[in-house]
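2 protein chains.
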Amino acid sequence: MTNIATETRSVVVEREISYPPEKIWRALTQPHLIAEWLMKNDFKLAVGHRFNLRGDWGGVLDCEVLAVEPNRTLSYTWNFAHDDATYNLKSVVTFTLTPTATGARLRMEQAGFGPDQKQAFGGANTGWRQFFAKLEQVLARPE
Amino acid sequence: MTNIATETRSVVVEREISYPPEKIWRALTQPHLIAEWLMKNDFKLAVGHRFNLRGDWGGVLDCEVLAVEPNRTLSYTWNFAHDDATYNLKSVVTFTLTPTATGARLRMEQAGFGPDQKQAFGGANTGWRQFFAKLEQVLARPE
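These protein sequence lines map, in sequence, to chains S and Y. Taking my numbering, the leading residue of the first sequence gets 1, the next gets one more, and so forth. Taking my numbering, the leading residue of the second sequence gets 1, the next gets one more, and so forth.
Extracted from the complex, chain S is given alone in its bound form (with noise of 0.2 Å):
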């Protein structure tokens, strides 16, 4: 038996970075950074506080920080709320770090998309690769 109506899809994007986990850290958990590579927000690094994430072009995201383990995982929700199943996401982004000989790498899942929400999962799949790699231009720039 399989059931069909729980089956979410991810998509994993990872990257090996030649800077310290600290750093990747504060990149991903400053609210001034966040919004140099992701979109501008009132995150705060807290487990159950609730921010959203707001694109330039006035759509918001509803997110909650759900866990937090200093230089190695945040996880919060990535929700959207609209009237068309196909658009209504509410998933879970979780970021992993490993440190390496020459730095650390960085995992992201977002989990939670539904076999009818194609576009969605494609559109993530294009966006993150997009926000890593504004990601790794904060992280070039000099301190």
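For the record, the hints were derived by calculation from the structure and aren't laboratory data. Keep in mind that a hint or two might mislead.
Because identical chains cannot be distinguished in the list, a pair is counted as satisfied if it fits within a single copy or across any two copies.
Computed cross-link-like contacts, PhoX-like style, restricted to lysine-lysine with a CA-CA straight-line distance of at most 25 Å [what the hints assert, rightly or not]: (1) Lys134 to Lys40; (2) Lys90 to Lys44; (3) Lys90 to Lys40; (4) Lys44 to Lys134; (5) Lys118 to Lys44; (6) Lys118 to Lys23; (7) Lys44 to Lys23; (8) Lys40 to Lys23; (9) Lys23 to Lys134; (10) Lys90 to Lys23.
Since the structure of chain S is provided, determine the placement of chain Y on it from the hints.
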């Protein structure tokens, strides 16, 4: 007497472009070109057509074509539904093309930002400049 409740602000962006109005019009009205500089969409050039603009991060705008005057004027709603009035946006985007000696002037006005929607207004101001930069890249590309 003033009626503060009906006071709204507009974002206006204008560009002098060295291509004829007809070429710019195509970029404003052909779905695969709109997708390149603005967002993925199911746009059709027909008054009354309802469509969505879809951001890569899962967000969606609800739109409807209001006015079409080929090579001159295109107008559509640009609405974002959200429980929080600060984010709940009902706006109208109007593109106006005017022929010039060297090509065309393109004017975009997004009207309808409420006095309490400073973030959306500021975001649109930034966003449209980015969209227009991408539009000019699309126009500059060999056809």
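A quick look at each hint next to the structure:
For a Cα distance limit of 25 Å, the shortest separation of Lys134 from Lys40 qualifies both inside one copy, at 14 Å, and across copies, at 21 Å. In the homo-oligomer, the alpha carbons of Lys90 and Lys44 lie at most 25 Å apart inside one protomer (20 Å), although the nearest pairing across protomers, at 29 Å, exceeds that limit. For a Cα distance limit of 25 Å, the shortest separation of Lys90 from Lys40 qualifies both inside one copy, at 20 Å, and across copies, at 20 Å. In the homo-oligomer, the alpha carbons of Lys44 and Lys134 lie at most 25 Å apart inside one protomer (21 Å), although the nearest pairing across protomers, at 32 Å, exceeds that limit.
For the homomeric pair Lys118 and Lys44, the shortest alpha-carbon distance between copies (21 Å) is at most 25 Å, but the shortest distance inside one copy (31 Å) is not. When the C-alpha separation of Lys118 and Lys23 is checked against a cutoff of 25 Å, the pair qualifies neither within a copy, at 34 Å, nor between copies, at 32 Å. Taking the shortest Cα distances, Lys44 and Lys23 sit within 25 Å of each other inside one copy (17 Å), while across copies they are farther apart (46 Å). Taking the shortest alpha-carbon separations for Lys40 and Lys23, only the intra-copy value of 20 Å comes in at or below 25 Å, while the best inter-copy value is 34 Å.
Taking the shortest alpha-carbon separations for Lys23 and Lys134, only the intra-copy value of 15 Å comes in at or below 25 Å, while the best inter-copy value is 31 Å. Taking the shortest alpha-carbon separations for Lys90 and Lys23, neither the intra-copy value of 29 Å nor the inter-copy value of 40 Å comes in at or below 25 Å.
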